[in-house]
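**Q** Sequence:
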Amino acid sequence: MKQAISPQQAAEMIPDGAVLMIGGFMGVGSPHRIIDALVDAGRKDLTVIANDTGRPDYGIGRLVRANALRKVIASHIGTNPETQKGMIEGRIEVDLVPQGTLAERIRAGGYGLGGVLTRTGLNTIAAKSQRVIEIDGEDWLLASPLKADFALLHADRADFVGNLVYELTATNFNPVMATAGATVIAEPREIVPVGLISPDNVNTPGVLVNFLIRREAHHVA
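Residues in the sequence shown are numbered from 2 upward in steps of one, following the working numbering.
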């Protein structure tokens, strides 16, 4: 059986300065209870790799408002003016990555690949941090793989051995991030006995998951 822990125990594992991947899309499909615990624990200087930074005080936006972030690697920050303000004031370093490239860089990190070849962003500011290589007379960006100390995920269901099922928007970045975190912590809506999830419906196999966040008796998903 996979170890089930509280959000507070998860936050205790994560030190200041850690690199986190956080699933979700504008806060939908994000592990809100873990995020709340990180805010309550006063974590600082975190690097977050995510699709976006949510909205003000929602999703990853809670970490932004708590001044917990040192760096953000994301495809956009347009839905959160507080992230924009932090970038302008120099409190948050922001590395904007095209959304498809971001997903592929995470996949490369999880699958042990050396990088991703893409022409998206070539000859733009997005190319400044990447190598340009020539193949058959054409220039390509070699986008480096992304990995994290912790991948923090939201799932609809998990079974006792950590197999995960995602639904709707949560299927965007959560599955690929499960491959690229040194420690993977999943926050499922419910935990069910082994056998209640069909193998055909498993999105992330339990072998990739280290910890599950248990539901508290008073918690309503």
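Among the clues, some could well be false.
As the list claims (entries may be wrong) - Taking lysine-lysine pairs in the DSS-like style, the calculated list, with each CA pair at most 30 Å apart, reads:
hint: 1; residue 1: Lys3; residue 2: Lys129
hint: 2; residue 1: Lys129; residue 2: Lys148
hint: 3; residue 1: Lys86; residue 2: Lys45
hint: 4; residue 1: Lys148; residue 2: Lys86
hint: 5; residue 1: Lys3; residue 2: Lys45
hint: 6; residue 1: Lys86; residue 2: Lys3
hint: 7; residue 1: Lys148; residue 2: Lys3
hint: 8; residue 1: Lys45; residue 2: Lys148
hint: 9; residue 1: Lys86; residue 2: Lys72
hint: 10; residue 1: Lys72; residue 2: Lys45
hint: 11; residue 1: Lys129; residue 2: Lys86
hint: 12; residue 1: Lys148; residue 2: Lys72
Treat the hints as calculated values from the structure; they're not laboratory data.
**Q** Taking the hints in turn, state whether each one holds.
**A** Cross-check of the supplied hints:
A threshold of 30 Å between alpha carbons decides the hint, and for Lys3 with Lys129 the separation of about 42 Å lies outside it, so the pair is violated. Using a Cα cut-off of 30 Å, the hinted pair Lys129 and Lys148 holds, with the two alpha carbons roughly 20 Å apart. Of the pairs offered as hints, the one joining Lys86 and Lys45 holds, with about 18 Å between alpha carbons and a cut-off of 30 Å not exceeded. For the proposed pair Lys148 and Lys86, the alpha carbon gap of about 27 Å is at most 30 Å, so the pair holds.
Taking the CA atoms of Lys3 and Lys45, the gap is near 29 Å; set against the 30 Å cutoff, the hint holds. At most 30 Å may separate the alpha-carbon atoms for a hinted pair to count; Lys86 and Lys3 exceed this at roughly 41 Å. For the suggested pair Lys148 and Lys3, the alpha carbons sit about 23 Å apart, so the restraint of at most 30 Å is met. Taking the CA atoms of Lys45 and Lys148, the gap is near 19 Å; set against the 30 Å cutoff, the hint holds.
For the hint linking Lys86 to Lys72, the alpha-carbon distance of about 13 Å falls within 30 Å, and the restraint holds. Pair hint Lys72 plus Lys45 holds up; C-alpha atoms about 11 Å apart against a cutoff of 30 Å. Simply put, Lys129 and Lys86 have alpha-carbon atoms about 22 Å apart, close enough for the 30 Å limit, and the pair holds. In summary, the hint linking Lys148 to Lys72 is supported, as the alpha carbons are separated by about 14 Å, within the 30 Å threshold.
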